[in-house]
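Peer 1: Listed below are the residues making up each chain.
There are 2 protein chains.
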Amino acid sequence: MTFWHFFFKNTRKKLLPQEIENIEPKETLLIKNSNDLNNIYITINKEINLYELEELCDSVGWVRRPIKKVKTALDNSFVTVCLLEKQKQRNLLIGFARATSDHSFNATIWDVVIHPNFQSKGLGKALMNELIKELRYKDISTITLFADPQVLNFYRTLGFMSDPDGVKGMFWYPL
Amino acid sequence: MTFWHFFFKNTRKKLLPQEIENIEPKETLLIKNSNDLNNIYITINKEINLYELEELCDSVGWVRRPIKKVKTALDNSFVTVCLLEKQKQRNLLIGFARATSDHSFNATIWDVVIHPNFQSKGLGKALMNELIKELRYKDISTITLFADPQVLNFYRTLGFMSDPDGVKGMFWYPL
Numbered sequence: 001m002t003f004w005h006f007f008f009k010n011t012r013k014k015l016l017p018q019e020i021e022n023i024e025p026k027e028t029l030l031i032k033n034s035n036d037l038n039n040i041y042i043t044i045n046k047e048i049n050l051y052e053l054e055e056l057c058d059s060v061g062w063v064r065r066p067i068k069k070v071k072t073a074l075d076n077s078f079v080t081v082c083l084l085e086k087q088k089q090r091n092l093l094i095g096f097a098r099a100t101s102d103h104s105f106n107a108t109i110w111d112v113v114i115h116p117n118f119q120s121k122g123l124g125k126a127l128m129n130e131l132i133k134e135l136r137y138k139d140i141s142t143i144t145l146f147a148d149p150q151v152l153n154f155y156r157t158l159g160f161m162s163d164p165d166g167v168k169g170m171f172w173y174p175l
Numbered sequence: 001m002t003f004w005h006f007f008f009k010n011t012r013k014k015l016l017p018q019e020i021e022n023i024e025p026k027e028t029l030l031i032k033n034s035n036d037l038n039n040i041y042i043t044i045n046k047e048i049n050l051y052e053l054e055e056l057c058d059s060v061g062w063v064r065r066p067i068k069k070v071k072t073a074l075d076n077s078f079v080t081v082c083l084l085e086k087q088k089q090r091n092l093l094i095g096f097a098r099a100t101s102d103h104s105f106n107a108t109i110w111d112v113v114i115h116p117n118f119q120s121k122g123l124g125k126a127l128m129n130e131l132i133k134e135l136r137y138k139d140i141s142t143i144t145l146f147a148d149p150q151v152l153n154f155y156r157t158l159g160f161m162s163d164p165d166g167v168k169g170m171f172w173y174p175l
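Protein sequences, first through last, are from chains A and B. Each step along the first sequence adds one to the number in the UniProt record's numbering, with nothing skipped, and position 80 is 80. Each step along the second sequence adds one to the number in the UniProt record's numbering, with nothing skipped, and position 40 is 40.
The set of hints was computed from the structure by calculation and includes no laboratory data. Honestly, I wouldn't trust all of these hints.
If chains are identical, the list can't say which one is meant, so a pair holds when it fits in one copy or spans any two.
[Said to hold, decoys possible] The calculated lysine to aspartate or glutamate pairs, modelled on DMTMM-like cross-linking and capped at a C-alpha distance of 20 Å, are:
#1 Lys-69 / Asp-139
#2 Lys-86 / Glu-52
#3 Lys-168 / Asp-36
#4 Lys-125 / Asp-75
#5 Lys-71 / Glu-55
#6 Lys-88 / Glu-52
#7 Lys-71 / Asp-139
#8 Lys-71 / Glu-54
#9 Lys-168 / Asp-148
#10 Lys-69 / Asp-36
#11 Lys-121 / Glu-54
Values in this document were obtained by computation on a predicted structure and should not be read as measured data.
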């Protein structure tokens, strides 16, 4: 899939720390010169319609979460990435991911989702590559996530390693 | 170690979302009725002297990090916890941990450290229990971390599980 390669062309200079907080939201065409994916746009840190996000999460069968808590989570995410299909009447939210971070060393990616009608087209990979690119642009060196067993290989193809040097992901849940 | 039990007495009521952001920094005596640990205090979200933190990290041999980046990381951590030994001349920073979070659903714990002179006294466990208690108080339900192989059992005794349901911690590093 050579047409993804341009995602890693890092033409923008690295930001100084004081510049990082003041980045404008971005919206760009995801894939150029594609027959069937020529109206899909990616947005970074743009305002998100919470009901459209809920609809997207419903489409993949996720457990519903209180919308106020989702708003707080988005407000306190370092980067949010959306995929939009531009339609005549409206823009359809078809993909989403977000990352929490200390804005300095590390980031953790959560809630990666692609609408079932748009899966198996390379869009998840494109979304993740764009998120990684954005985090690297913001000088984050350790990008982490917690992967379900069925998506381990998906993340491996993106360059993620599980348990490097025996480091294990651990979870604490309330009883 | 029954004297740790009081850490889990959750006497404070849960906060409403709009109250969470405005919590006063706290400082409390860590252990009551102890012979050798009766002047150790725990602080939550109090201002941290960056040079004292660097000295603590040096004491356990961590790789040095640019102090400006450390400041940014602390400023953008959801919770920071310090252990201080109150001495006649000054307070000595002997323990530290912090957590990033979306302030709503999840938190990830980083940089857990106890000064070598104060290890094997149960202080790491006390520090972690206090951090977990604070995150639970702020209604965070998923608390995560990435553990080196030699501290897996330490975190297991605190109730952390590695790879629950096959969920794996994954890392992406720049080439």
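Peer 1: It remains to establish, for every hint, whether it holds in the given structure.
Peer 2: Right, here's what the structure says about each hint:
1. In this assembly of identical chains, Lys-69 and Asp-139 lie within 20 Å of each other by CA distance solely across copies; the values are 10 Å between and 28 Å within a copy.
2. For the homomeric pair Lys-86 and Glu-52, the shortest alpha-carbon distance inside one copy (14 Å) is at most 20 Å, but the shortest distance between copies (53 Å) is not.
3. Neither within a single protomer nor between protomers do Lys-168 and Asp-36 lie at most 20 Å apart by alpha-carbon distance, with minima of 40 Å and 34 Å respectively.
4. With identical chains, the CA atoms of Lys-125 and Asp-75 are never at most 20 Å apart, being 24 Å at best within one copy and 32 Å at best between copies.
5. When the C-alpha separation of Lys-71 and Glu-55 is checked against a cutoff of 20 Å, the pair qualifies only within one copy, where the shortest distance is 15 Å, while the shortest distance between copies is 39 Å.
6. In the homo-oligomer, the alpha carbons of Lys-88 and Glu-52 lie at most 20 Å apart inside one protomer (17 Å), although the nearest pairing across protomers, at 59 Å, exceeds that limit.
7. With identical chains, the CA atoms of Lys-71 and Asp-139 are at most 20 Å apart between copies only, with a shortest distance of 15 Å across copies and 26 Å within one.
8. Taking the shortest Cα distances, Lys-71 and Glu-54 sit within 20 Å of each other inside one copy (11 Å), while across copies they are farther apart (35 Å).
9. Taking the closest pair of Cα atoms, Lys-168 and Asp-148 come within 20 Å of each other both inside a single copy (14 Å) and across two copies (7 Å).
10. Taking the shortest alpha-carbon separations for Lys-69 and Asp-36, neither the intra-copy value of 36 Å nor the inter-copy value of 43 Å comes in at or below 20 Å.
11. For the identical chains of this complex, Lys-121 and Glu-54 are neighbours neither inside a copy (22 Å) nor across copies (47 Å), given an alpha-carbon limit of 20 Å.
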